[in-house]
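All chains should be built: construct the whole structure from the sequences, respecting the hints.
Going down the list, the sequences are from chains S and E. Going by my numbering, 110 is the number at position 110 of the first sequence; the sequence numbering is gapless. Going by my numbering, 264 is the number at position 42 of the second sequence; the sequence numbering is gapless.
Any given hint could turn out to be false.
In silico DSSO-like pairs for lysine-lysine, Cα to Cα no more than 30 Å straight-line [as the list claims (entries may be wrong)]:
#, chain 1, residue 1, chain 2, residue 2
1, E, Lys242, S, Lys166
2, S, Lys211, S, Lys85
3, S, Lys204, S, Lys194
4, S, Lys45, S, Lys166
5, S, Lys211, S, Lys4
6, S, Lys4, E, Lys242
7, S, Lys192, E, Lys242
8, S, Lys166, S, Lys204
9, S, Lys166, S, Lys211
10, S, Lys107, S, Lys123
11, S, Lys211, S, Lys3
12, E, Lys242, S, Lys3
Because the hints were derived from the structure by calculation, they are not lab data.
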Amino acid sequence: MFKKTFIRMSGLGGQGVVTAAHILGAAATREGLDSTVNPFFGAEKRLAPAESYVRISSERIFERGEVLDPNIIMIYHPHVITLGKCYTMPFFDGLQPEGLLIINSEKPLELGDEELARLADLKARIFYVPASQIAVEVAGTELSTNLAMLGGLLGVTDLVSMESIKESMAERFGGGKFVASGTTAALDDVLKSKFAKLSQLIEKNVEVIEKSRSSVQEYLIN
Amino acid sequence: MIDQRVVTPEYLFFEAPREKRFMTGSEAVREAIKRANVDMAISYPITPQSESMHLVGDLYAEGYLREYFRGENEFAVMSAVAGASMGGVRVFTATGGPGTLRAFEAFPTWAGARLPIVCAFMTRGVNSPLSIQPDTIEMAFMLNTGIMMFHAETAQDLYDMILKAFVIAEKTDVHIPVGVFTDGFFVTHTRDTVEIAAEDIKLPPYNPYCAPVPVMDMENVPVRQMRDPFVMKSNFISYATHASWQQEIMAAAERARNYVVKYLGGLVEVENEDADILIVASGTAVSQSREAIGMARREGLDAGLIKIKCLRPFPGEEIRKLTRNATAVIVPEFNRVGWLCQEIKSVMEDTGKVIGGPRVFGGMTMPPDLILAEIRRCSR
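Structure (structure tokens):
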């Protein structure tokens with residue numbers, strides 16, 4: 001697909017964009033690819049804009065910091081677009097030709113004619129996945145939205161395998177070795193408390209990923 | 223305490239088998255301290271450093287450190303680590319940005335007291351306006367404090383440099399502090415592949431009798447100076463003592479060069495040094511330069527790279543020689559003032575060929591395209 005895949009995940013603080021990026025990057029390295037992952041946020045606040053970036057390549061990646069020229073943009077919340085809760089304007093700024101947009105929404109958002117024209121010029125493809133809805137229905141918690149979004153990504157690319165995602169997820173939530181920031185740790189605890197056992201957490205989230213993987217719908221520009 | 227086998231520094235750095243792990247820079251700090259046989263660590267939170275010292279606190283809870291506590295503020299922390307080091311233990315701390323400036327008075331006193339403290343500096347913007355994002359401006363202030371300065375490009379560098387910093391700092395003929403600097407977020411919060419040694423081995427303990435000055439001796443320098451400071455006197459002996467002591471600290475840093483070569487493989491690392499266009503950088507500006515050089519090659523343009531790993535002592539002779547035949551020297555930096563450019567110009571013969579930029583500051587990412595644009599311009 002792309003020789004180097006640069007992904008920008010835009011969401012709101014608390015939605016898990018950093019965790020999703022971590023799981024995706026770890027999955028890529030499991031498959032022998034090179035990956036770097038980094039977050040971007042201000043002083044931590046729930047529902048404030050938060051972004052994370054994943055770079056995946058078969059070659060060594062040196063570049064750091066924000067991804068300014070993404071091949072894939074994943075939008076974790078409609079407000080990123082409709083309320084401009086985003087570090088870039090428009091939300092697809094820097095999207096590369098033939099780039100992909102994966103948006104968490106039950107129905108297509110009303111994008112302006114000018115935006116759609118620019119996306120059409122780029123030969124961009126827009127996909128919608130009801131990630132939060134699937135998270136609530138399948139896992140019983142909106143906190144699984146970030147994993148549902150990874151499901152959306154698996155639905156439109158073959159960047160990494162489901163198996164690697166599953167192993168990375170087990171490592172992320174299973175091992176006692178990981179240390180996140182205080183707020184992230186608190187959210188981890190909330191997530192873990194929703195499930196009786198770790199195996200159940202992994203199982204349910206795999207189900208979430210599978211469901212969203214098959215629920216992605218392409219929105220055709222014109 | 224956790225049971226670990228003491229190995230030689232050479233074994234830990236160069237021979238021990240290493241395992242690849244996917245981790246952040248903060249986690250790389252934890253892995254380094256886990257193997258560094260540190261007696262004591264003192265912390266105070268500031269983004270983007272907080273996670274590192276939090277993780278060092280976890281090491282204390284697991285039994286890797288003898289003592290750990292949180293200080294009242296950065297000035298208190300840097301003063302407390304000085305006390306610990308004077309007491310003859312191996313000590314570690316970290317800070318960044320405004321924290322570095324708040325503690326500033328302590329750094330020259332560390333050097334003056336010949337304390338082999340290792341401190342990690344996770345650089346960030348300095349107020350005002352407030353920023354928590356990466357910017358290396360604090361390093362401009364640190365250049366003349368008498369402490370040695372390493373600049374890590376990646377989490378791998380950070381892991382290796384912290385461990386090696388202890389060994390270099392504690393050499394009898396050096397015995398001055400080492401600051402290991404790294405760019406906040408671009409390294410501390412970035413996950414990358416890091417190769418680390420097994421966790422059941424560690425450095426030999428610090429031997430306080432290796433100090434070139436008496437430990438806590440009130441009648442001799444350097445502690446004598448604090449008990450009975452020269453500022454209270456006004457005579458030739460007091461001036462001469464102070465002046466010669468400052469020179470001794472500088473000489474200690476000079477003597478460290480051999481150890482930096484031995485353990486870090488040199489003060490600089492060079493790629494394609496015969497190219498007409500050379501990029502000279504430190505920290506993550508090196509990473510962005512590597513991408514730019516790759517892009518330039520694909521366009522048929524040639525550029526070489528000098529990565530500066532050690533800023534104090536400064537690799538003046540290396541840079542003078544390496545840049546002699548270049549037609550252009552590009553110095554990309556993550557700060558407004560261009561302190562690295564000034565340092566480089568101060569050792570070069572023909573400073574007219576130095577391009578001071580691109581400079582990105584205030585927390586922004588440096589697009590490799592900006593460096594590529596300079597390479598293109600210089601190739602014309």
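Hints versus structure:
no.: 1; hint: E:Lys242 / S:Lys166; result: holds (20 Å)
no.: 2; hint: S:Lys211 / S:Lys85; result: holds (27 Å)
no.: 3; hint: S:Lys204 / S:Lys194; result: holds (11 Å)
no.: 4; hint: S:Lys45 / S:Lys166; result: holds (29 Å)
no.: 5; hint: S:Lys211 / S:Lys4; result: holds (27 Å)
no.: 6; hint: S:Lys4 / E:Lys242; result: holds (21 Å)
no.: 7; hint: S:Lys192 / E:Lys242; result: holds (28 Å)
no.: 8; hint: S:Lys166 / S:Lys204; result: holds (11 Å)
no.: 9; hint: S:Lys166 / S:Lys211; result: holds (14 Å)
no.: 10; hint: S:Lys107 / S:Lys123; result: holds (21 Å)
no.: 11; hint: S:Lys211 / S:Lys3; result: holds (28 Å)
no.: 12; hint: E:Lys242 / S:Lys3; result: holds (23 Å)
Hint compliance for this structure: no hint is broken.
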